[in-house]
Amino acid sequence: MLLLSVGVGSFNQGQDGYFDDVSLAYQTVGAGEFDKTYDFEAARTAVPEPGTLALFGLGLLAFGFARRRAAGTS
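In UniProt numbering, the protein residues as written are 1 to 74.
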C-alpha cells in the first residue's frame, strides 16, 4: 500500500497567497517500509516599491529630454 500526503507549511491570516514551504511525503506500508519526504521552500526576493520605480522612470525621462534639447541646439 502506498500512502501519499501533501502539506503546506504555515499560513498567516491576512496574507494573500504565500506559504512558507510545501512538503510532499509518501510511504509504503507492509514488508520493507519506506518513508521519504521532499520539502520545497521558495526563496524570498525583494520587490522594489512602485514609488521608487516611478521616480527612476521620471529621472530617465528628464535625462532623455535634456539630451534631446542639447542635441537640438547644436
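Take these hints with a grain of salt, some might be off.
[Said to hold, decoys possible] Each pair of labels, with its calculated beta carbon distance range:
1) ALA70 - ARG44: 39 to 45 Å
2) ARG69 - PRO48: 26 to 32 Å
3) ARG44 - GLY72: 43 to 49 Å
4) PRO48 - ALA71: 26 to 32 Å
5) THR45 - GLY72: 39 to 45 Å
6) ALA70 - PRO48: 45 to 51 Å
7) ARG69 - ARG44: 28 to 34 Å
8) GLY72 - GLY51: 27 to 33 Å
9) PRO48 - ARG68: 25 to 31 Å
10) ARG44 - ARG68: 39 to 45 Å
Quick caveat, the hints were computed from the structure, so don't treat them as lab data. Every residue gets a Cβ at the ideal spot worked out from N, C-alpha and C, and that includes glycine.
A quick look at each hint next to the structure:
1. Separation of ALA70 from ARG44 is about 43 Å and conforms to the stated range, judged on CB atoms against 39 to 45 Å.
2. Our hint of 26 to 32 Å for ARG69 and PRO48 holds, since their Cβ atoms are close to 29 Å apart.
3. In this structure the supplied range 43 to 49 Å holds for ARG44 paired with GLY72, their Cβ-Cβ distance being about 47 Å.
4. Checked against the hint of 26 to 32 Å, the pair PRO48 and ALA71 passes, with Cβ atoms roughly 31 Å apart.
5. Between THR45 and GLY72 the beta carbon distance is about 42 Å. The supplied range of 39 to 45 Å therefore holds.
6. Distance hint check for ALA70 and PRO48: the Cβ-Cβ separation is about 30 Å, which falls outside the suggested range of 45 to 51 Å.
7. Hint check: ARG69 to ARG44, Cβ distance near 43 Å, so the stated range 28 to 34 Å is violated.
8. GLY72 and GLY51 have their C-beta atoms about 32 Å apart, which keeps the hinted 27 to 33 Å range intact.
9. For PRO48 and ARG68, the hinted distance range of 25 to 31 Å is satisfied, since their beta carbons lie about 27 Å from each other.
10. In this structure the supplied range 39 to 45 Å holds for ARG44 paired with ARG68, their Cβ-Cβ distance being about 41 Å.
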